[in-house]
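Go by the hints and put chain B onto chain A.
Here the protein sequences line up with chains A and B, keeping their order. FYI, in UniProt numbering the residues of the first sequence are 1 to 206. FYI, in UniProt numbering the residues of the second sequence are 1 to 206.
Calculated directly from the structure, the hints in this document are not laboratory data. Each hint should be verified, as a subset may be incorrect.
Note: identical chains are not told apart, hence a pair may lie in one copy or across any two.
Said to hold, decoys possible - Capping the alpha-carbon separation at 35 Å, the derived lysine-lysine pairs in DSBU-like fashion look like this: (1) Lys-23 <-> Lys-77; (2) Lys-23 <-> Lys-35; (3) Lys-133 <-> Lys-77; (4) Lys-23 <-> Lys-204; (5) Lys-35 <-> Lys-77; (6) Lys-167 <-> Lys-35; (7) Lys-56 <-> Lys-23; (8) Lys-23 <-> Lys-133; (9) Lys-35 <-> Lys-133; (10) Lys-133 <-> Lys-6; (11) Lys-77 <-> Lys-6; (12) Lys-56 <-> Lys-167; (13) Lys-167 <-> Lys-133; (14) Lys-77 <-> Lys-204; (15) Lys-23 <-> Lys-6; (16) Lys-56 <-> Lys-77; (17) Lys-35 <-> Lys-6; (18) Lys-133 <-> Lys-56; (19) Lys-204 <-> Lys-167; (20) Lys-167 <-> Lys-77; (21) Lys-56 <-> Lys-35; (22) Lys-204 <-> Lys-35.
2 protein chains.
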Amino acid sequence: MEFSSKLLENAVYEMSQLPGVGKRTALRLVLHLLKQPASQTGRLTHALNTLREEIKFCRNCHNISDLSLCEICSNPKRDNGLICVVEDIRDVMAIENTSQYNGLYHVLGGKISPMEGIGPQDLTIRSLVEKVKSGEVRELIFAMSSTMEGDTTNFYIYRQIQDEGVKTSTIARGIAVGDELEYADEITLGRSILHRIPFETSLKAD
Amino acid sequence: MEFSSKLLENAVYEMSQLPGVGKRTALRLVLHLLKQPASQTGRLTHALNTLREEIKFCRNCHNISDLSLCEICSNPKRDNGLICVVEDIRDVMAIENTSQYNGLYHVLGGKISPMEGIGPQDLTIRSLVEKVKSGEVRELIFAMSSTMEGDTTNFYIYRQIQDEGVKTSTIARGIAVGDELEYADEITLGRSILHRIPFETSLKAD
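With the rest of the complex left out, here is chain A:
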């Protein structure tokens, strides 16, 4: 792409560094900002800068939070013996949305991925292990995505806490509610049969 302006070229380049944003999309977004009042660009850049500079993570669960202890961790009504291990804040938001979970979270900040150069020391695994060893935890629920990286991360954590006498579980894998069986992949369908649940139990859901 040949630009008639270095300023424009630079803005498009920086915008295209965002994931999933190609040069064309970046140009469209930047031209949109140019058509809007300057205040919109001001608000966007101010919001991003403020977030990046003042970002805080909950000292207990490592979730993004404006307070040093997040609202979930500081809620006395939540069960602090139950900890759900997730990858990032989006998983916390998704599980909170279900209104089915009353425990706390532990946000790892990613998963072990040698391909992307992410090792255990880049995640908040040590603080999770310490939490378990302190004896406060009754059960750990692994809720990582079921990929090789997710399984590796689960297993890495499991090995470090297996002798602590803490119950461990993973979220159920199965056919999504409303999905047709014939379109399900074999592994998921296989697991859903292997880990079938009593019919009476299924009636009590929701």
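Below, chain B alone, put in the same frame as chain A:
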């Protein structure tokens, strides 16, 4: 979406004001920036702010330019009697990429669209008409997208300059090179027959 942080919520909101960026995408982009070094966010916001504050438009063709007269308009080798009327800078870039055009451009900055509240006074039509009336222009090529808004804009300009003795043309509409006839829409195919060109002429292209 329930956010655990007002700072995060605000950044996601501002990001989602960009066209084609929903709340989920905005969250993904913002979380990506949080995982990268703070310098990346700094470069992005600096580039956007600098562009928005220091943006200049060529005084002749109204294209985005760092100089008061853009490189195309100030190039003595270009034919300044030939003016291609386009909607925005992306069209200039697309036509420049073909290396088939040696005239100048006139960037309108949009097209007349009552639906979006864009009238002739919001575009650079007056300066185009003045340019034509000054007698410098030999031919005007309309290269707007062939939508109702594009046609309206072309016609609005045409009516104001039709008595000035300037040649006017529009870019050819037809079947794209490499496209199958059977998949072409009827209007395009119809126009490509109506405005057919001598076979000898077609041989000389490229």
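Here's how the hints hold up against the structure:
no. : hint                : in the structure
1   : Lys-23 <-> Lys-77   : between (48 Å within a copy, 30 Å between copies)
2   : Lys-23 <-> Lys-35   : both (18 Å within a copy, 22 Å between copies)
3   : Lys-133 <-> Lys-77  : within (23 Å within a copy, 77 Å between copies)
4   : Lys-23 <-> Lys-204  : between (51 Å within a copy, 33 Å between copies)
5   : Lys-35 <-> Lys-77   : between (49 Å within a copy, 32 Å between copies)
6   : Lys-167 <-> Lys-35  : between (57 Å within a copy, 31 Å between copies)
7   : Lys-56 <-> Lys-23   : both (32 Å within a copy, 21 Å between copies)
8   : Lys-23 <-> Lys-133  : neither (49 Å within a copy, 38 Å between copies)
9   : Lys-35 <-> Lys-133  : between (56 Å within a copy, 28 Å between copies)
10  : Lys-133 <-> Lys-6   : between (56 Å within a copy, 33 Å between copies)
11  : Lys-77 <-> Lys-6    : between (56 Å within a copy, 22 Å between copies)
12  : Lys-56 <-> Lys-167  : within (30 Å within a copy, 64 Å between copies)
13  : Lys-167 <-> Lys-133 : within (13 Å within a copy, 84 Å between copies)
14  : Lys-77 <-> Lys-204  : within (23 Å within a copy, 80 Å between copies)
15  : Lys-23 <-> Lys-6    : both (15 Å within a copy, 31 Å between copies)
16  : Lys-56 <-> Lys-77   : within (23 Å within a copy, 57 Å between copies)
17  : Lys-35 <-> Lys-6    : both (18 Å within a copy, 28 Å between copies)
18  : Lys-133 <-> Lys-56  : within (25 Å within a copy, 62 Å between copies)
19  : Lys-204 <-> Lys-167 : within (23 Å within a copy, 78 Å between copies)
20  : Lys-167 <-> Lys-77  : within (21 Å within a copy, 78 Å between copies)
21  : Lys-56 <-> Lys-35   : both (34 Å within a copy, 13 Å between copies)
22  : Lys-204 <-> Lys-35  : neither (54 Å within a copy, 40 Å between copies)
Taken one by one, the earlier hints fail for this structure at numbers 8, 22, listed in ascending order.
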